[in-house]
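**Student:** First residue of the sequence shown: 105, per the numbering used here; consecutive thereafter.
Restricting the straight-line Cα-Cα distance to at most 20 angstroms, the calculated cross-link-like pairs of lysine to any residue (SDA-like) are:
{"hint": "1", "residue 1": "K534", "residue 2": "R491"}
{"hint": "2", "residue 1": "K534", "residue 2": "D766"}
{"hint": "3", "residue 1": "K760", "residue 2": "N780"}
{"hint": "4", "residue 1": "K543", "residue 2": "A733"}
{"hint": "5", "residue 1": "K728", "residue 2": "R774"}
{"hint": "6", "residue 1": "K289", "residue 2": "I553"}
{"hint": "7", "residue 1": "K330", "residue 2": "V446"}
{"hint": "8", "residue 1": "K361", "residue 2": "D332"}
{"hint": "9", "residue 1": "K590", "residue 2": "K726"}
{"hint": "10", "residue 1": "K155", "residue 2": "L343"}
{"hint": "11", "residue 1": "K203", "residue 2": "S223"}
{"hint": "12", "residue 1": "K351", "residue 2": "S143"}
{"hint": "13", "residue 1": "K555", "residue 2": "M293"}
{"hint": "14", "residue 1": "K676", "residue 2": "S622"}
{"hint": "15", "residue 1": "K760", "residue 2": "Y749"}
{"hint": "16", "residue 1": "K799", "residue 2": "T778"}
{"hint": "17", "residue 1": "K476", "residue 2": "R556"}
{"hint": "18", "residue 1": "K203", "residue 2": "F178"}
Worth flagging that the hints you see were computed from the coordinates, not collected in a lab.
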Amino acid sequence: MAKTMILSVFLITSCFLFNYVTCAKTVVTIGVLLEDLTSQITIPLNSTIYKKNMFDQRAYFSTKIMKVSGTDDFEASQTLCNMLQSDMGVVAIYSDAVKSVPILESTCTNFEIPFISTSWRNPSASKKDTTETEARALLNFFPEAELYSKVILRPILKKIRNTTEENIILDCQNENILAVLSQAKSVGMLTLHNRYFLTSLDAHTIDFSVLNTTANITTIRLHDPKSDDFLNTIHRWELTEFENHNKRIPLDPLSIKTETVLFHDAILLLTDTINALTIKPGISNKPLLCNGTDISEHGFILRKYTQINKPSLTLTGPIKFNDEGERIDFNIHVIDIIDDSVIATWYSSNETLYLARDYNQTIDAAILNLQKITVIVSSRIGEPYLRYRNVSYEGEVLTGNNRYEGYSMDLIAGIAKIIGFNFQFELTEKYGNWDASEKRWNGLVGEIIEKRAHLAICDLTITPERREVVDFSMPFMTLGISILHKAPTKEDVNIFGFLDPFSPIVWIYTATLYLVISIVLFFISRMTPGDWENPHPCEDNPEELENIWDIRNCLWLTLGSIMTQGCDILPKGISSRLAVGMWWFFSLIMTSSYTANLAAFLTKANLEPPIDGAEALAKQTKIKYGCLAGGATESFFKNSNFTTYQRMWMNMIQAKPSVFEDTNPDGVYRVQNTKNNLYAFLMESTQIEYEVETKCNLKQIGGTLDSKSFGIAMPMNSPYRSAINRAVLKMQEAGDLGELKTKWWKTKRLEKSCEGTGDEGDSLKLGLANVGGVFLVLGIGIGLSCAFAILEFLWNCRNVSVEEHVSI
Numbered sequence: 105m106a107k108t109m110i111l112s113v114f115l116i117t118s119c120f121l122f123n124y125v126t127c128a129k130t131v132v133t134i135g136v137l138l139e140d141l142t143s144q145i146t147i148p149l150n151s152t153i154y155k156k157n158m159f160d161q162r163a164y165f166s167t168k169i170m171k172v173s174g175t176d177d178f179e180a181s182q183t184l185c186n187m188l189q190s191d192m193g194v195v196a197i198y199s200d201a202v203k204s205v206p207i208l209e210s211t212c213t214n215f216e217i218p219f220i221s222t223s224w225r226n227p228s229a230s231k232k233d234t235t236e237t238e239a240r241a242l243l244n245f246f247p248e249a250e251l252y253s254k255v256i257l258r259p260i261l262k263k264i265r266n267t268t269e270e271n272i273i274l275d276c277q278n279e280n281i282l283a284v285l286s287q288a289k290s291v292g293m294l295t296l297h298n299r300y301f302l303t304s305l306d307a308h309t310i311d312f313s314v315l316n317t318t319a320n321i322t323t324i325r326l327h328d329p330k331s332d333d334f335l336n337t338i339h340r341w342e343l344t345e346f347e348n349h350n351k352r353i354p355l356d357p358l359s360i361k362t363e364t365v366l367f368h369d370a371i372l373l374l375t376d377t378i379n380a381l382t383i384k385p386g387i388s389n390k391p392l393l394c395n396g397t398d399i400s401e402h403g404f405i406l407r408k409y410t411q412i413n414k415p416s417l418t419l420t421g422p423i424k425f426n427d428e429g430e431r432i433d434f435n436i437h438v439i440d441i442i443d444d445s446v447i448a449t450w451y452s453s454n455e456t457l458y459l460a461r462d463y464n465q466t467i468d469a470a471i472l473n474l475q476k477i478t479v480i481v482s483s484r485i486g487e488p489y490l491r492y493r494n495v496s497y498e499g500e501v502l503t504g505n506n507r508y509e510g511y512s513m514d515l516i517a518g519i520a521k522i523i524g525f526n527f528q529f530e531l532t533e534k535y536g537n538w539d540a541s542e543k544r545w546n547g548l549v550g551e552i553i554e555k556r557a558h559l560a561i562c563d564l565t566i567t568p569e570r571r572e573v574v575d576f577s578m579p580f581m582t583l584g585i586s587i588l589h590k591a592p593t594k595e596d597v598n599i600f601g602f603l604d605p606f607s608p609i610v611w612i613y614t615a616t617l618y619l620v621i622s623i624v625l626f627f628i629s630r631m632t633p634g635d636w637e638n639p640h641p642c643e644d645n646p647e648e649l650e651n652i653w654d655i656r657n658c659l660w661l662t663l664g665s666i667m668t669q670g671c672d673i674l675p676k677g678i679s680s681r682l683a684v685g686m687w688w689f690f691s692l693i694m695t696s697s698y699t700a701n702l703a704a705f706l707t708k709a710n711l712e713p714p715i716d717g718a719e720a721l722a723k724q725t726k727i728k729y730g731c732l733a734g735g736a737t738e739s740f741f742k743n744s745n746f747t748t749y750q751r752m753w754m755n756m757i758q759a760k761p762s763v764f765e766d767t768n769p770d771g772v773y774r775v776q777n778t779k780n781n782l783y784a785f786l787m788e789s790t791q792i793e794y795e796v797e798t799k800c801n802l803k804q805i806g807g808t809l810d811s812k813s814f815g816i817a818m819p820m821n822s823p824y825r826s827a828i829n830r831a832v833l834k835m836q837e838a839g840d841l842g843e844l845k846t847k848w849w850k851t852k853r854l855e856k857s858c859e860g861t862g863d864e865g866d867s868l869k870l871g872l873a874n875v876g877g878v879f880l881v882l883g884i885g886i887g888l889s890c891a892f893a894i895l896e897f898l899w900n901c902r903n904v905s906v907e908e909h910v911s912i
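Sequences are here, hints too, so could you generate the full structure?
**Tutor:** Now the structure itself:
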């Protein structure tokens, strides 16, 4: 009896509970058409339905899941009809059969049953012709196609990655992405220079670690698998599967596909809307025949309410639809696949892109990629930037970077030490110019463009043409174009240089005139009465008069006059004084001219060179001048609008033979070996500094003609450009760049540096060699005077001994 009462109570209670569930709640069936019944979307479907039935008392949800063909539209249509005319019917339909969406949507539109899709829907050409009633059947949770295309093309490619040849948009099925990238790696298209954008919203579910690449691979997704809401939802899915099916299904947040997340939001929105409608005006479902005329009673209302309802806890952000049932409010996260970090987020509400990475994070990511590879540095041999290293001992074999040394090597080594990467130098011959015949850039620039090198360094000038195809670091050296010319050769000093002011004929005429004037003065003095004097002034009427102007005194007077010296005896007669006055006038002019010319001749080695700058070089035609063929200096003159430089360019291209040289050393050699200093070479001032340090017969003429800089070349939009700039700036602030220049321009020279020539004041001083002839003449003269004195003394002694009859 007791057992019967307990059983009765249990049955009554069970009946009560059943009636409460089935009678108090409106039973609503949602139709689900799947290509694969084991699809991942069944997990959020079961979890959401379970949660709503457990905690919400307004409606009881059930699902009707059927397999649908994704390729046969007729079979898909029959499957949908079978679902509509089943016992209870359905209030809404969801399907993941992308290719069958049009026929399923069309059928649902006829019966005004909401059709839910989470797949890409191409804009229909006949959409504008669709009537308002027909267009209301669709609710597509995938972002509207035109807006989604705008996300890819404008904000991402234009604001995040400026499109160049390195940027590749990969639009393919998710299962083909890894195969395509693997093929790209095999042909060298998955390097540090390459940037790939993956259009698949499920690209984040792929394991890219097998590629082991430093390429920039970017994709987008609609949800954040690392957010707390997403992780909590995944955990709830796992619990539901365990409670309902007694099986544990560990779900990796990164393995959840976008379609699954969108379906979760779609079911969440649909069930929330149905629960809201069960209160007022109420909602129910009934079977419908495909060949009948009945339509869904609440389909139109359900879709309208769904459009304005805003559910919480969605995983793909805010949900909003337009009049065609296409989603227009969503957020797109731009993802760096390799390190799985958010680069930026695009908001459809205001079509604005917000960057998530700051400047330092971007540089750190670039540095990390550089540290994973061996950086190829392209350069060319040219001192002092790079030269072959001499072996330390006989038989030593140098390999790799040990083969070279120079400014460029030390600069890259300093940058590599700061950033922390390994590098390998590779050589090329040319700097880099556009080759019109081959339609490509050659040299260092070509190596960078064609991705055979990550960096290029030498005395590579930053020009507008090169900056259009490659990026440059901040300048590591500033310079300008200047003129290299051979210094005036100092002639051998002539000790008799004091004779140079007058030509030999002038000296002969002067000496002859000296003798002639002396003789003329002798005869005039003999004839003029004024030069006959009383030898005894005390006698008024002397018997004899004397004339002191013998030939010796005449010679002495004329000699003293031309030497600008005085004489203790002077003529007294009018005619003799007139003759002497004219001789003095002649002596004044000759002596002044000689003195002026003598100063010029003795200092002619210190005279300025025949040219002092570009203006003087352009105005003359005797000295030829040229520059490096195909270099930045040639481009400077070729493209200059300045009249002087245009004239110089015309002179260079018209000169025969050619004044252009293939290398700077060739130009230096030509300057040194052209006779009579008739060639000048235009080159960078820093290179001229290097050359004149050891080539003492060369000098720089004038200042610089322009201002330019040397930089490190790298591919356009290189992610590591900022890291390189930061390293160069750090070396500059530490004084390392100045030390490197001193080291390779002076200290590490293989040739001996030119000895200092003293200051300008010392260079103007005359040495003994300049006036040695004067000392020689003085010595000879003094010697002759001594000899004549001895001879005179001996001759006088003889005469006295004869007169006095004294033996010597």
